Amino acid sequence: MSSTSRARGWDVPANLDKDPATVPDPATTPVPEDLRREIEAHMALYPDTRSAALPALEAAQRRYGWCSPEAIEQVACVMGVTPASLDAVTTFYDMLETELVGRHSVYVCTNISCSLRGADELYGAMREAAHEDATFNVRSFECLGACDIAPMASVDGVYVGPLTVADVPQLLDDVRAGREVLPDKQLVRRACADPTAGSAPAAGDTPAAGSSPAADGASAPGGAPEGSA
Amino acid sequence: MTRPLLFDGIDEPGLNTLAVYERRGGYDALRKTLTQMTPEQVLSELEASNLRGRGGAGFQMGKKVSFLPKGSIEKYLVCNADESEPGTFKDRELMQKSPHMLLEGLIIASYAAGASRSFIYIRGEYVQQADILDAALVEAREAGYLGERILGSEHSLSLVVHRGAGAYICGEETGLLDSLEGKRGNPRLKPPFPANEGLYKGPTLINNVETLSTVPTIIAIGGAEYAKLGTEQSTGTKVVSVSGHVQRPGNYEVELGVPSREIIYGLAGGPPPGRSVKCWFPGGSSAPVLTGDELDVPYDFESLAKAGSMLGSGAIIVVDDSTPILELALKTAKFYRHESCGKCTPCREGTNWTVHMLERIDRGEATPMDLEVMASVQEHIIGHCLCVLGDAMAMPIGSMIAKFKDELEAHMEKRRLEYAPVEAAPAEAAA
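First to last, the protein sequences are chains P and X.
Just so we're aligned: the first sequence equals residues 0 to 228 in numbering that gives the first Met the number 0.
Just so we're aligned: the second sequence equals residues 0 to 430 in numbering that gives the first Met the number 0.
Mixed in with the good hints, there may be bad ones.
Below, simulated DMTMM-like cross-link-like pairs (lysine to aspartate or glutamate); rule was C-alpha separation at most 20 angstroms, straight line [to be verified]:
| no. | chain 1 | residue 1 | chain 2 | residue 2 |
| --- | --- | --- | --- | --- |
| 1 | X | K182 | P | E39 |
| 2 | X | K200 | P | D47 |
| 3 | X | K402 | X | D319 |
| 4 | X | K182 | P | D93 |
| 5 | X | K69 | X | E196 |
| 6 | X | K402 | X | D369 |
| 7 | X | K182 | P | E72 |
| 8 | X | K413 | X | E326 |
| 9 | X | K342 | P | D86 |
| 10 | X | K342 | P | D93 |
| 11 | X | K182 | P | D86 |
| 12 | X | K182 | P | D47 |
| 13 | X | K402 | X | D295 |
| 14 | X | K404 | X | D292 |
| 15 | X | K62 | X | E39 |
| 16 | X | K305 | X | D295 |
| 17 | X | K182 | P | E96 |
| 18 | X | K404 | X | D361 |
Beta-carbon label-pair distances, calculated as ranges [unchecked claim]:
| no. | chain 1 | residue 1 | chain 2 | residue 2 | range |
| --- | --- | --- | --- | --- | --- |
| 19 | X | K189 | P | G64 | 34 to 44 angstroms |
| 20 | X | Q232 | P | T21 | 53 to 63 angstroms |
| 21 | X | D361 | P | R126 | 17 to 27 angstroms |
| 22 | P | N14 | X | F192 | 39 to 49 angstroms |
| 23 | X | D361 | P | T21 | 47 to 57 angstroms |
Treat the hints as calculated values from the structure; they're not laboratory data.
Remember, predicted model here, so these are calculated numbers, not experimental data.
The beta-carbon is built from N, C-alpha and C at its ideal position, and this holds for glycine as well.
The shape of chain P in the complex, shown without the other chains:
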């Protein structure tokens, strides 16, 4: 990620003759009914409705694919805030898109633990394989919190790993076909205890409670929270 600003229009001069945007008028700002209801449901959860900014923007992004100026205007209208205040929020967070991107997000973790196990190569292969397909949004991401399956990726929110470059075509094909992505490599399907963990401890009464995917991928469904999600 470059160090330039993610804020839209940061490099164009401001038009000082223009009046600042105010809270959008509900009479002239059409908002789809289901989106409005979802945002209002989030607002109702908090003592201060402004707390709903992130879930509201996430809902708009889910609908439009990115936080477009129109999407932000609609959220601002429902929440009764200025579009600028939501723009400020949008540009701060990595998962909120400030440009039109592919529908399917593939976040490849390239932080320390994953890169020690080949994540940079994986990311390169993923970009290469998906770069002509506009339905994908392949991004390198900071630590996704799954270093036990490094190198890994989050595909539309589903964690898969450990991945090799050879897994890339299958992964993309699964997404294109609307199938579950690499079912055998999904984090939530992984067995908890590594049968070999603690089998070779040093002396003493080392506790042997482990929750580690077996290195050889020998996993059995157990403790998998399928169905509850």
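Got chain P; can you put chain X on it based on the hints?
Below, chain X without anything else, positioned relative to chain P:
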């Protein structure tokens, strides 16, 4: 430790559902709390346990609860589930496999703190875990563990699972609060501390997932009993995330005070055959690195601090001898540059210039003096910002410069010679 506390039965299929959790004795501690104990008694158990926060700072939980003002003022409890410290994935495991344990701990803590509204701020990337928490929340509410007058007591609690949207800084407690209020996640000036002025300017208790998940155990066995585990200043057990160059990366629950070597080699299997440990982060990427000669340090707060590092979030990242230290430093510095919120100059500029200077080494443009300049940049970041994000880069980078100076200088010289001929050629011709 005869059996694990947090990971006991973590393997059991369906532990994430209320039925299985209750069958294993779940919510008994909450029932005991609400029917037999006063908030003061819960607080004194927490204090007796000497449980230290598992998020990174290691502050005593009981003390933190006691800082909240008494009285009928509206108080908030926020669970920090924005686990983003590189190398850390313990909270993810706990929330995914045993979400009710977190909820039970959270409800007990809210009783001790007198909080009536609670939030779990979970990082946006944990989509599946947030869905699991939401499902558990519905179950708990239907069973009467959440809501008005829980289990017939005077205590009421609402809970919202709030999803973040990708920002490391929101794991910092005041950045988290701003984010939860719907703003950019910029850290606040402290004091006032969240205990006095936190969420919506109200008194707020903020605890990490693992910390809260430990609370039911403390109530069940008693604080004094819990304090017998571990060492005097680091009581209890800790889930350690081990990753990087080890053969069995994963989460392991250990009693605090075990030799680090037993975790890295015994449990996680050590580096691949034929390789050795070059350095390791004991507590996430923000912790100063220790070398392969420092593997026998006991894994607890005070021993790691004495060794010049920290236990942090309990994430061990092992780096073997196949990795150049410059590569590791660059990866680390780039992460903090990306995640700096930009509010404080030393952090914003310091992380940026550290990356530039490290890249200069790789381009053959650096001189040995650059290492001194870089080290002084790190010193000028530490303690000069609103939060510790800048420090979190300065500490590991500083330790890498100090401990691997020879390697960095050799790298510098090698690169300089590789790129030098272009300029050196005319000089040679003149001579």
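Checklist entry - What are the numbers of the hints that this structure violates, sorted from low to high? => result none
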